[in-house]
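Enquirer: Each chain is listed here by its residues.
Number of protein chains: 2
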Amino acid sequence: MISQTAEYALRAVTYLADHTAAQTAEAIAKGTKVPVGYLAKILQGLVRSGLITSQRGLYGGFVLARPPKELSIHDVVQAVAPLLRIERCPLGIAGHGTNLCPLHRSLDNAMATVEQAFRRLTIHALLNQAHGSHPLCSFPHLETPN
Amino acid sequence: MISQTAEYALRAVTYLADHTAAQTAEAIAKGTKVPVGYLAKILQGLVRSGLITSQRGLYGGFVLARPPKELSIHDVVQAVAPLLRIERCPLGIAGHGTNLCPLHRSLDNAMATVEQAFRRLTIHALLNQAHGSHPLCSFPHLETPN
DNA sequence: CGATCAACGGATATGGATATCCGTTGATCC
DNA sequence: GGATCAACGGATATCCATATCCGTTGATCG
Chain A
0 MISQTAEYAL RAVTYLADHT AAQTAEAIAK GTKVPVGYLA KILQGLVRSG
50 LITSQRGLYG GFVLARPPKE LSIHDVVQAV APLLRIERCP LGIAGHGTNL
100 CPLHRSLDNA MATVEQAFRR LTIHALLNQA HGSHPLCSFP HLETPN
Chain B
0 MISQTAEYAL RAVTYLADHT AAQTAEAIAK GTKVPVGYLA KILQGLVRSG
50 LITSQRGLYG GFVLARPPKE LSIHDVVQAV APLLRIERCP LGIAGHGTNL
100 CPLHRSLDNA MATVEQAFRR LTIHALLNQA HGSHPLCSFP HLETPN
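Order-wise, the sequence lines are chains A and B. Number 80 in numbering that gives the first Met the number 0 belongs to position 81 of the first sequence; there are no gaps in the numbering. Number 98 in numbering that gives the first Met the number 0 belongs to position 99 of the second sequence; there are no gaps in the numbering.
If you're looking for bench data, these hints aren't it; they were derived computationally from the structure. Using N, Cα and C, we set each Cβ at its ideal position, and we do this for glycine too. Just so you know, nobody snuck in bad clues.
FRET-style restraints, in silico, Cβ to Cβ:
| # | chain 1 | residue 1 | chain 2 | residue 2 | range |
| --- | --- | --- | --- | --- | --- |
| 1 | A | His123 | B | Thr23 | 52 to 60 angstroms |
| 2 | B | Arg87 | A | Pro66 | 30 to 38 angstroms |
| 3 | B | Arg87 | A | Val35 | 22 to 30 angstroms |
Using the sequences and the hints given, assemble the complete structure.
Expert: Okay, structure coming up:
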């Protein structure tokens with residue numbers, strides 16, 4: 000449904016949205032339970048996409064490039080593992096470029112629904128959900144030394 | 000979003016729904032533009048799941064086990080490449096079994112929407128869509144000798 | 001029975017997503 | 001300048017979805 004990479008990216012972004020100071024890859028990895036090395040790659044991708052900024056050296060790390068209100072789930076997903084819609088007939092029939100057959104039209108409709116939901120949902124909304132729980136699965140709890 | 004395997008399975012089932020007589024793996028493969036060998040595996044899976052039945056030997060092949068009205072997209076997808084929902088906290092926090100954090104709750108909600116859509120959509124509905132196009136991307140056209 | 005047809009099942013590639021490792025670059029501090 | 005910190009980038013490993021191949025089983029026909 001959603002790639003592991005995209006899910007990791009969302010965890011990281013959510014984590015960053017919850018911290019004002021720059022966070023190192025290692026810190027984010029610990030706080031989100033994502034393999035450090037792999038997360039580093041994903042973070043680099045997010046930097047290249049312009050969603051976050053990076054700073055080397057002491058006190059360096061990663062920071063959100065935009066306020067969480069202007070950052071949607073969709074932005075993050077598209078940046079690291081684009082959810083590509085069905086635009087042309089997968090059977091390769093010429094002339095069926097724009098109007099798909101019922102099967103693929105239906106499948107693409109489902110994707111469109113998800114895409115719309117992801118577009119609407121901002122990271123900010125995630126953090127301020129009247130839910131009682133924490134933005135990530137209670138990562139504050141994780142941050143206690145273990 | 001949806002696995003290639005599931006998409007192939009849907010093509011095959013759609014194809015079968017459009018034919019009353021048994022269809023060989025080769026015929027289905029030609030009509031749906033799916034690699035024969037791989038399709039054969041998928042068909043075997045569908046047989047094991049009870050969605051279709053098979054018959055060996057001359058005039059053998061595959062037939063739908065249920066009328067298209069009682070066969071949903073969801074049935075097919077679940078049979079070959081189950082779209083698994085987020086049921087437990089992916090960070091592995093104990094006590095967060097039932098109520099997920101906002102992030103994973105949102106992701107699972109999107110999946111729930113897709114699942115609902117797939118549950119409602121029957122193969123029959125796909126075939127009888129007032130659309131002008133054919134159930135599969137005009138596979139009747141494909142069936143002309145080429 | 002023998003021949004043919006077609007599903008069945010196991011073994012084996014292949015490619016991309018996932019993941020690890022490490023030397024290099026650049027920033028900060030003293 | 002030297003030491004330390006942390007991102008960067010390339011090479012490599014691992015796993016799984018995807019895909020191919022082929023001998024075996026079972027059904028039909030003459």
